[in-house]
Structures are given as C-alpha cells and as structure tokens.
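Engineer: Residue strings, one per chain:
2 protein chains.
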Amino acid sequence: MSTLSNSTNIFWQECPVGKVERQKLLNQRGCVVWITGLSGSGKSTLACSLSRELHSRGKLSYVLDGDNLRHGLNKDLSFKPEDRTENIRRVGEVAKLFADAGLICIASLISPYRKDRDACRAMLPDANFIEVYMNVPLALCEARDTKGLYKLARAGKIKGFTGIDDPYEPPLNCEIEIQPKDGFCATPGAMAGQVVSYLEDKGFLKDHKTPKAGSVAAAGGRQSDRDMVMNSPVVAWVANVSADLCQYIACNPERLSSDHVLHLLFCFPFQHLHRLALSFCSPSTFSDHDDDRDTLHSD
Amino acid sequence: MSTLSNSTNIFWQECPVGKVERQKLLNQRGCVVWITGLSGSGKSTLACSLSRELHSRGKLSYVLDGDNLRHGLNKDLSFKPEDRTENIRRVGEVAKLFADAGLICIASLISPYRKDRDACRAMLPDANFIEVYMNVPLALCEARDTKGLYKLARAGKIKGFTGIDDPYEPPLNCEIEIQPKDGFCATPGAMAGQVVSYLEDKGFLKDHKTPKAGSVAAAGGRQSDRDMVMNSPVVAWVANVSADLCQYIACNPERLSSDHVLHLLFCFPFQHLHRLALSFCSPSTFSDHDDDRDTLHSD
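Residue numbers (the numbering used here), protein chains in the order written: chain A, 880 to 1178; chain B, 880 to 1178.
Among the hints, erroneous ones may be present.
As the list claims (entries may be wrong) - Here are the computed lysine-lysine pairs in the DSSO-like style, where the Cα-Cα straight-line distance is at most 30 angstroms:
#	chain 1	residue 1	chain 2	residue 2
1	A	975	B	994
2	B	1060	B	1081
3	A	994	B	954
4	A	975	A	903
5	A	959	B	903
6	B	994	B	975
7	A	1085	B	903
8	A	903	B	975
9	B	954	A	898
10	B	1081	A	898
11	A	975	B	975
12	A	1085	A	975
13	A	975	A	954
14	A	898	B	1026
15	B	903	A	898
16	B	1081	A	959
17	A	975	B	1060
18	A	975	B	1026
19	B	959	A	954
20	A	954	B	954
21	B	994	B	1081
22	B	994	A	954
23	B	903	B	1081
24	B	898	B	1026
25	B	898	A	1085
26	A	898	B	898
27	A	1085	B	975
28	A	898	B	1060
29	B	898	A	1081
30	A	959	B	1026
31	A	903	B	1085
32	A	903	B	898
Hints in this document: simulated from the structure, not taken from any laboratory. The model shown is predicted, which means the values in this text are computed figures rather than measured ones.
The following block holds chain A by itself, in its conformation from the complex (with noise of 0.2 angstroms):
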C-alpha cells in the first residue's frame, strides 16, 4: 500500500460463496461470448438477440457493449491504439467478473486487435471464452453503414477507423464464425440460433430442456403458467421476428423484389401470427419456433 508501487500489500479475498455455488443457483454455467467484427457487421444485432434467446430459456446473460462502457466505465480512454488496448483490457476484466458471478456475459466490441482479444482470453480458463467472429466483407458493412461512421472515415472527419485506416486482424482460432451466405446475411434469430447451438452443446445452458416457462423466475410460485406464456417468452418471441424482419429488409435491400416484399410485409407475419394463436391453446408449441425464424433466412 506504498504510493508508489501498484500491487503490493493487497491481499487476495476469498468468500464461501463462489463461482460453483452461483453456477448452481442459476443452473447455467459462466461464459464470456466475445462477438468481434468491423463496425456494421451486426455485433449489436447478435449480442441482443442472442440475450433474447437465453432471457427466453430462463438464462442470466449481460451485454458488455463497447460503445455504451465508452460512456461509464471506458469514459477517459480515446481511440489512439494503446487506449484502444486499455480499452478491451477493462472490458475482459469486467467480462470475466461477470462470468465469474455465472452470468454468460456477452461483450460486443469491434475489438480489432488480434492480441487484444488473445489477452482477454488467457484471463479466462479457454473453454469459458467464446469468440465469435462476425465475417461480415467491408464493403457489405459499408454498404449498409447503418451508423453512417464509413461515411465520415471517407471523408476524412474520423482518423484511426477499423477497416478504412486501421487494420482489423480477423481471429486465427475463432470458436464461432458467422457469415453471409450467397449474399445474404442470416437474421439475428439465426445467428442467436448458432451461438445457443454451441453453448448448450458445450454445457453452459444446463437443464434448458425443462419445462421453459421461466426456469428461473417460476421459482417464485407467483406467476401461473399462462402469465408466464404472456411474459418473457412470447414477447420475446415476437420481438425476434419483428427484429429478424426489420434486419432482413435492412441488410438485404437489393434482393427484395415487390412480390418478394409483399410476402415479407404480409404473408410472412401472419404466418407467425397463426401459430401464436395456436400456441394459447397448447403453449409447449414455441419450445420448437427456431426452425421458423430461420425461414426468413432461407426465403
């Protein structure tokens, strides 16, 4: 505790209460889904959709968004390269608490250094990091520009932007690789859907099988059945198919042909529509609407 030095005189901490404990109380495991990628390639999209998903199966997960920790946490760092490393330093740190408290905590950060990433990886034991690589092409991203930044880094009024003037270094050892496919970019049910896919075949999402009315929050023997339908699930729900709609027109403009249009507007909502209404009367329908979101994909 000497002013000069940093680390010394601090003694470690330890409580009864750890990690296994927490784990056991959630009934899921800890995990940090580090989703990287160029600016426009749907990091934000994912991270939410993907926190949907789990709030869906009654799981605890945290969105660490590097523009909002900018705000609070990240406030005094610039864009100069070494803050940009001070940067995602803080973020793992925070993910890593996070994980540590059993949450799966997703970060969502451009995070364009390769040995940024790595280092936020050693501070977790490897299997409880999860990178997924949104390879999404630059000019798809620019094209899109739904922040209007590649704008402004053409032209000039923003230095140092990933992709135009500052290198992005693509991830070597990736666990998840999320890309469009003949063009198309998947809707954000179908990236959640890859990610999900991935955390409950490695174990996280322990006991997600069960009865799927809110595992956790049921608990409380407060809520009925029908409550819970009408709570986070179906609003969940059909805030995914809103979202993967909105997504679909917005990222693929140039593929959408009037008729095209009119079955997405349309046709395509009171599909989803009818089976609402058939999920009152037998509400063990929804355990299964993937496959229908990924329509969108393969329409």
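Mind docking chain B on chain A? Use the hints.
Structural biologist: Below, chain B without anything else, positioned relative to chain A:
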C-alpha cells in the same frame, strides 16, 4: 471515433432485455451495497457473510473486493490520491453494471474520500446505492491489524495509509452504520442480518418468504428438498456459525475469560449441532436461525 476526442461518435445500444426483465428472472432487485471503513474494520468479513446469507435465500449477489480488483481491472493504479479516485470510479461503474444486471452487488473498499463515494452514489438511482459504514474506531482496527499493515504504516514502511497518514472521511448520509456495542464487535451473522433486514424492508429481496430451499435452482426441478437442505442452506449456515465463532474470538480477545472460552469452544457449537440435528426432522426450523447467531454477540 476521432483519435483525439473520447466519447464522440459513440452510439448508445439499447437491448430489449433490460434490468426489469432480469430482475423478474431473478426475483430480486439489483442494487449496490457499498461497504466503507478503515482497514481491518471488517468490510470483507461482512461482504462474505452477507453474500452467504443472500445465497442461502436463493438470491444472487457478487462481491467486488477492492483488494481483489487491484489484481485485475485496477492493477494499473497506485495508491496516489488521483489513482485512488480512479480506482473507486471504476469499481463504481462496474458495480452499476452488476446492479443493472439484476445482482445485489457488494462493493467492499476502504474508499476513504467522501467525494469519491458520493460520485458512485450519483451513478445510481439514489435508493439503489446502499452505503454501509463500518464505524470501528481506529484503535480497535489497529489492535486487530489482521493484515499487519498498521504495523508497517507506523514504522513508516507504507506511506499514505488511511487512518495513519491519510484521512478517512466518515459518511454523512449512509444508509446503514455498523459499530461495536460496549466494545464488542458484532458477529458477521449479526452484521449481515442488519443489512439483509434493510434490503428486505426496501423490497430488494422479493418473495424471500417462499420456501427457502433454493428459490432459484429449485426451478430446475432436479433436486429434492432433502438435497437442497443438504446443499446451500445448511452449508451456508454451518459456515456462518464457524465464521461467527472465529470472528468473535479474533475480535474480542481481551474479553475472553477461560470460562468464556470453554463456553464458546464447547457449549456453543453443541447448541448449534443440536439445532442442526433437529432440522433434519423438520427442515423448516432453519428459517429463523438468525436469532441463534445473534446470541454470539449478546453472549
């Protein structure tokens, strides 16, 4: 995203799964319990005890320990005044994230300066920042000197040590004050009980009166009642009794007559074992064991 300015071109990313949804999932309300006080005043002891007590009620908490964070997130910071401020700021920001995630975040730091603590309070909606002041006299902390740091500070081997040659500014508006009574330190269980009562009164622990056997994990439907009794509640309770005993002895050495020691070491545990045995016949008898633990203090 200019290389010069910090927070320009940053877009706030809203996610449809928010704090309210996570709180519903967890059946609790996220908040920050900020424990402040001199080195050796019992902050970490309270943090652990509180975490155990909350866990035994099926509530998800996470401890941000100042010392532990200096091994990770804050390892680049020294104990210079400006670095202390940055240390507290970062912990405040991370605590805010945990509260937003729905957890009861227990931050345990000396946090000597009032303005730094108030800055953290200002980050959160007022009622969600619960400042706990460990009001233990310097003389008592120094007499205990659990980490041997006061000795080093008095010998001039540590500069800027809080309470010796750096000030501690007590809170003016804390929510909870914990102090020795008649020179006796409260037991960890009693201290945790004081905080839990506050959290209960303010509605942070919703539905805590529902069956105690793991209000969250029980949702999985996997563990029998007997399993649950043998798991977290009993383990936490036994740990509580042990911790209480050790803490009491460590904290009140001058009070211990040989009769007292005999009573503590032999009679007191047997009283608890008796109750433990009884509890196997009737698990519900666990629900009011707070009274027991408090006898340590008033003993």
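Engineer: Is the hinted pair residue 1085 of chain A and residue 903 of chain B satisfied, with a Cα-Cα distance of at most 30 angstroms?
Structural biologist: holds, 20 angstroms
Engineer: Against the 30 angstroms threshold, does the CA-CA distance of residue 903 of chain B and residue 1081 of chain B hold or violate the hint?
Structural biologist: With a Cα-Cα distance of about 16 angstroms, the restraint between residue 903 of chain B and residue 1081 of chain B holds, given a limit of 30 angstroms.
Engineer: Does residue 1081 of chain B pair with residue 959 of chain A here, judged by a C-alpha cut-off of 30 angstroms?
Structural biologist: Measuring from Cα to Cα gives roughly 45 angstroms; hence the hint is violated.
Engineer: Sort out whether residue 898 of chain A lies within 30 angstroms of residue 954 of chain B, counting only the CA atoms.
Structural biologist: holds, 22 angstroms
Engineer: For the pair we were handed, residue 975 of chain A and residue 903 of chain A, check the Cα-Cα distance against 30 angstroms.
Structural biologist: Roughly 18 angstroms separates the two Cα atoms, so the pair holds.
Engineer: Compare the distance between the alpha carbons of residue 898 of chain A and residue 1060 of chain B with 30 angstroms, and conclude whether the hinted pair is satisfied.
Structural biologist: violated, 35 angstroms
Engineer: Has the given pair, residue 959 of chain B with residue 954 of chain A, been kept, meaning a C-alpha gap of at most 30 angstroms?
Structural biologist: Measuring from Cα to Cα gives roughly 21 angstroms; hence the hint holds.
Engineer: Within 30 angstroms, alpha carbon to alpha carbon, are residue 994 of chain B and residue 1081 of chain B?
Structural biologist: The given pair, whose Cα atoms are some 25 angstroms apart, holds under the 30 angstroms limit.
Engineer: For a C-alpha distance cap of 30 angstroms, please report whether residue 898 of chain A and residue 1026 of chain B respect it.
Structural biologist: holds, 26 angstroms
Engineer: Would you check the hint for residue 1085 of chain A and residue 975 of chain B, treating anything up to 30 angstroms between C-alpha atoms as holding?
Structural biologist: holds, 28 angstroms
Engineer: If you draw a straight line from the CA of residue 898 of chain B to the CA of residue 1081 of chain A, is it 30 angstroms or shorter?
Structural biologist: holds, 27 angstroms
Engineer: Is the hinted pair residue 1085 of chain A and residue 975 of chain A satisfied, with a Cα-Cα distance of at most 30 angstroms?
Structural biologist: holds, 20 angstroms
Hint check: violations occur at hints 5, 16, 17, 24, 28, 30; the rest are consistent with the structure.
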